[in-house]
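First to last, the protein sequences are chains A and B.
End of the first sequence = 231 in our numbering, gap-free, step of one.
End of the second sequence = 584 in our numbering, gap-free, step of one.
No lab work stands behind these hints: they were computed from the structure.
The beta carbon of each residue, even a glycine, is placed where N, CA and C say it ideally should be.
Be careful, since some hints might not be right.
What the hints assert, rightly or not - Covered by chain A, per the in silico footprint, the following chain B stretches (three or more residues, Cβ under 8 Å):
1) 37 to 44
2) 100 to 107
3) 333 to 339
Said to hold, decoys possible - No more than 25 Å apart at the CA atoms, straight line, and that leaves these computed lysine-lysine pairs for DSS-like:
4) A:Lys40 / B:Lys501
5) B:Lys321 / B:Lys111
6) B:Lys155 / A:Lys112
7) B:Lys341 / B:Lys321
8) B:Lys247 / A:Lys40
9) B:Lys321 / A:Lys217
10) B:Lys501 / A:Lys14
11) B:Lys341 / B:Lys265
As the list claims (entries may be wrong) - Simulated restraints on C-beta separations:
12) A:Pro153 / B:Glu171: 53 to 63 Å
13) A:Glu102 / B:Phe557: 33 to 43 Å
14) A:Asp28 / B:Gln446: 34 to 44 Å
15) B:Pro108 / A:His118: 25 to 35 Å
Listed below are the residues making up each chain.
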Amino acid sequence: MRFLIYRYDPDADKTPRMQAYELDGFEDGAMLLDALFRIKAQDETLSFRRSCGEGVCGSDAMNINGRNGLACITPLDSLKEPVEIRPVPGMPVIRDLIVDMEPFYHQYRAVKPWLTVHDPEPEAEFLQSPEQRDQLDGLYECILCGCCSTACPSFWWNPDKFRGPAALLQAWRFLADSRDQATGERLAELEGPYRLFRCHSIMNCVDVCPKGLNPTKAIGHIKQLMLKHLV
Amino acid sequence: MERRHFDTLVIGSGGGGLRAALQLAQGEANVAVVSKVFPTRSHTVAAQGGMNAALANVVPDNWHWHMYDTVKGSDYLGDQDAIEYMCRAASHLVVELEHAGVPFSRLPNGKIYQRPFGGQSQDFGGDQAARTCAAADRTGHAILHTLYQQNIHAKTHFFDEYFAIDLIRDEEDFILGAVVLNIATGEPLLIEAKTTLLATGGVGQLFRTNTNARINTGDGMAMALRAGIPVQDMEFFQFHPTGIAGKGMLITEGVRGEGGYLVNKDGERFMERYAPHAKDLASRDVVSRAIAIEIREGRGCGPDADHVLLKLEHLGPEVIKKRLPGILDMARTFANVDPIKEPIPVFPTAHYTMGGIPTNRFGQVVMPLEHSAEEAIPGLYAVGECACVSVHGANRLGGNSLLDIVVFGRAAGNHIIEFLKENRYHRPMKDEWVERALSRLARWEQSGEGESVDVLRDELQRTMEHYCGVFRTEEVLAEGVEKVKALAKRLDAVRLRDQSKVFNTARIEALELENLVSLGLATVKSALARQESRGAHSRMDYPDRDDERWMKHSLYFEDGRVEYKPVRTKPMSVDTFPPKPRVY
Chain A
1 MRFLIYRYDP DADKTPRMQA YELDGFEDGA MLLDALFRIK AQDETLSFRR SCGEGVCGSD
61 AMNINGRNGL ACITPLDSLK EPVEIRPVPG MPVIRDLIVD MEPFYHQYRA VKPWLTVHDP
121 EPEAEFLQSP EQRDQLDGLY ECILCGCCST ACPSFWWNPD KFRGPAALLQ AWRFLADSRD
181 QATGERLAEL EGPYRLFRCH SIMNCVDVCP KGLNPTKAIG HIKQLMLKHL V
Chain B
1 MERRHFDTLV IGSGGGGLRA ALQLAQGEAN VAVVSKVFPT RSHTVAAQGG MNAALANVVP
61 DNWHWHMYDT VKGSDYLGDQ DAIEYMCRAA SHLVVELEHA GVPFSRLPNG KIYQRPFGGQ
121 SQDFGGDQAA RTCAAADRTG HAILHTLYQQ NIHAKTHFFD EYFAIDLIRD EEDFILGAVV
181 LNIATGEPLL IEAKTTLLAT GGVGQLFRTN TNARINTGDG MAMALRAGIP VQDMEFFQFH
241 PTGIAGKGML ITEGVRGEGG YLVNKDGERF MERYAPHAKD LASRDVVSRA IAIEIREGRG
301 CGPDADHVLL KLEHLGPEVI KKRLPGILDM ARTFANVDPI KEPIPVFPTA HYTMGGIPTN
361 RFGQVVMPLE HSAEEAIPGL YAVGECACVS VHGANRLGGN SLLDIVVFGR AAGNHIIEFL
421 KENRYHRPMK DEWVERALSR LARWEQSGEG ESVDVLRDEL QRTMEHYCGV FRTEEVLAEG
481 VEKVKALAKR LDAVRLRDQS KVFNTARIEA LELENLVSLG LATVKSALAR QESRGAHSRM
541 DYPDRDDERW MKHSLYFEDG RVEYKPVRTK PMSVDTFPPK PRVY
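Working from the sequences, and respecting the hints, build out all of it.
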């Protein structure tokens with residue numbers, strides 16, 4: 001199987017290059033991450049992030065044949081050759097497939113992603129009906145891999161001003177939580193032409209999310225709620 | 001070299017580290033969290049089934065029953081004061097997490113959903129309890145993200161993607177912080193701290209097939225060893241009954257909690273023979289051994305008869321989608337089966353390090369010094385899988401690890417706040433102590449021809465799997481010790497071909513390999529020394545538990561010495577649960 005991998009080490013390279021690798025003899029069901037491990041065993045200078053290897057930690061987001069995804073849950077037999085692997089787009093590259101995720105994390109922190117309750121807390125748990133809890137499904141599962149935001153043209157143009165799909169999904173996760181009491185503050189934070197409204201429903205985020213989540217829909221819900229609060 | 005100063009340095013950003021950091025930040029301490037990965041990539045994120053607490057939301061329950069189950073589950077090696085403390089704190093701490101935002105699944109009455117898990121009983125060994133609080137089968141993810149979010153809110157200082165090299169210990173045995181490495185730039189940084197908390201997780205990467213993340217290389221335990229501190233009970237390594245066969249991804253015990261069960265090639269529910277009462281919900285060590293025996297005796301499934309099947313299709317698509325959505329994904333992606341229609345092939349897989357850095361129930365690291373066998377090392381704390389309190393003893397119950405990290409993360413935070421009141425200033429730092437830590441890095445600057453990190457790690461993992469697996473004997477373990485020693489020798493000949501300073505992951509893997517090798521030796525040596533079978537440690541040459549000789553904790557030191565200390569059998573307020581035969 002042939003691979004073409006984006007290589008750049010600022011310590012050694014003036015400009016990025018694509019390096020070819022060829023490997024065979026993969027087991028049935030092998031994932032792209034397995035191939036990267038074998039390449040790294042031959043060439044330890046190849047750098048990429050990885051951890052859980054099962055799609056829950058969100059470390060190994062990369063651009064695979066032009067599409068963002070997680071290497072650990074991308075089956076090799078689903079990929080056309082040569083498999084072209086690049087860092088996720090729109091972020092400063094640190095080295096090889098490793099990008100500086102800080103602009104992404106900054107936007108995540110900016111939506112104040114924590115439950116906010118103003119009333120005194122009861123001694124026991126807050127009561128929440130199963131139906132109210134269902135509202136959080138499809139939201140809380142986000143693994144912050146960044147596949148969505150780094151696939152979003154609006155985020156590429158305005159990574160400092162537009163919150164991006166991942167952060168907005170989290171904004172809605174708290175707005176949708178029956179326990180949260182900061183609806184007004186959360187909506188006010190998202191006003192203006194950029195933070196929320198740079199989303200033009202291109203839906204790349206939905207297309208690439210490795211967990212099957214739908215940030216565009218969450219953004220739509222925020223916009224509707226904003227409208228409801230205006231009238 | 002750059003220096004930073006904090007009240008507390010927390011190393012590791014899983015649930016234990018983040019729960020402690022939150023307690024400290026909310027207590028107005030200046031706290032830094034150093035982690036080699038972005039916090040939500042820590043392995044707590046992969047915990048599935050839930051967290052135990054006797055909330056009694058589903059069936060009657062109380063902390064004392066939970067305590068009994070935990071002592072019994074530990075095969076009487078757990079320290080009963082710490083177990084009482086943990087089980088009593090559990091309900092309050094689950095509620096605290098819920099208030100912090102954890103999206104627990106819910107019962108029709110709006111309370112937290114709880115499911116049955118292995119080793120749980122009502123009324124001291126009676127009917128099955130339902131004690132495990134769950135957010136579907138993504139409870140670890142839900143808890144870790146919530147704790148991270150609350151830490152952002154509390155303004156904890158995060159040093160993301162910094163690798164801890166070594167602790168600094170002064171002549172009076174105080175720990176003064178650590179030298180860490182900025183992975184992105186390759187520059188070392190000295191973090192001086194009045195208190196240091198290790199929360200670096202377990203060492204599942206010792207074994208070839210494991211349920212663990214690649215990052216679980218026991219860095220904190222190895223740092224403790226190098227600082228002259230022993231590791232406790234390392235011979236007890238948990239094999240989870242249901243890893244995906246041949247691959248290792250975890251399939252939660254929650255599957256059996258929801259009503260799934262194991263069958264052999266004849267379609268027989270074989271657990272009925274091994275644990276007539278609890279069946280598939282016996283303790284993990286019991287179920288793992290049963291699977292291994294079924295396969296050894298030729299009743300395994302598949303063309304190579306090398307696994308058993310976990311059946312859950314009878315639960316119906318509704319329950320599976322609602323309660324086990326992560327498992328549904330995982331089985332489809334990695335086992336190539338659709339659990340709505342067909343069973344999942346499973347095999348016992350290396351999962352959890354019961355042993356670790358010895359601590360008391362306040363999270364203080366303790367070791368034999370001048371005055372007693374359990375003297376606190378001033379300024380040093382450890383919590384979670386890297387620590388050994390010991391609440392899990394010889395076998396951890398499912399659902400008790402998320403509980404452990406939250407309970408002792410919080411307890412350590414509280415104790416640190418008290419310690420800081422008495423120790424208000426940084427102690428003097430000497431360059432030679434810092435140099436010692438830096439020499440660990442310098443060693444990897446040697447270039448030239450040599451062995452590779454990858455080959456050695458692979459050999460270590462195969463060696464541990466073969467010589468220190470589910471069933472053990474004197475002969476095999478002794479051979480294992482020699483093999484790991486030989487690997488430790490070869491480590492000197494390993495050279496890095498990648499000498500870049502920028503995000504050099506090869507260098508990190510080399511530092512991790514050093515940690516793995518020293519803990520591999522600790523594990524296999526402790527296992528060789530213990531001549532009995534208890535919990536996860538099954539010696540075919542010593543098939544019985546021997547309370548007279550062996551109801552004691554092992555302490556392994558870096559020079560290879562194994563010493564012992566007694567189990568703390570006296571609880572805080574209730575009567576001791578004396579050892580008795582363990583049947584499920």
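Hints violated by the structure (listed by number, smallest first): none
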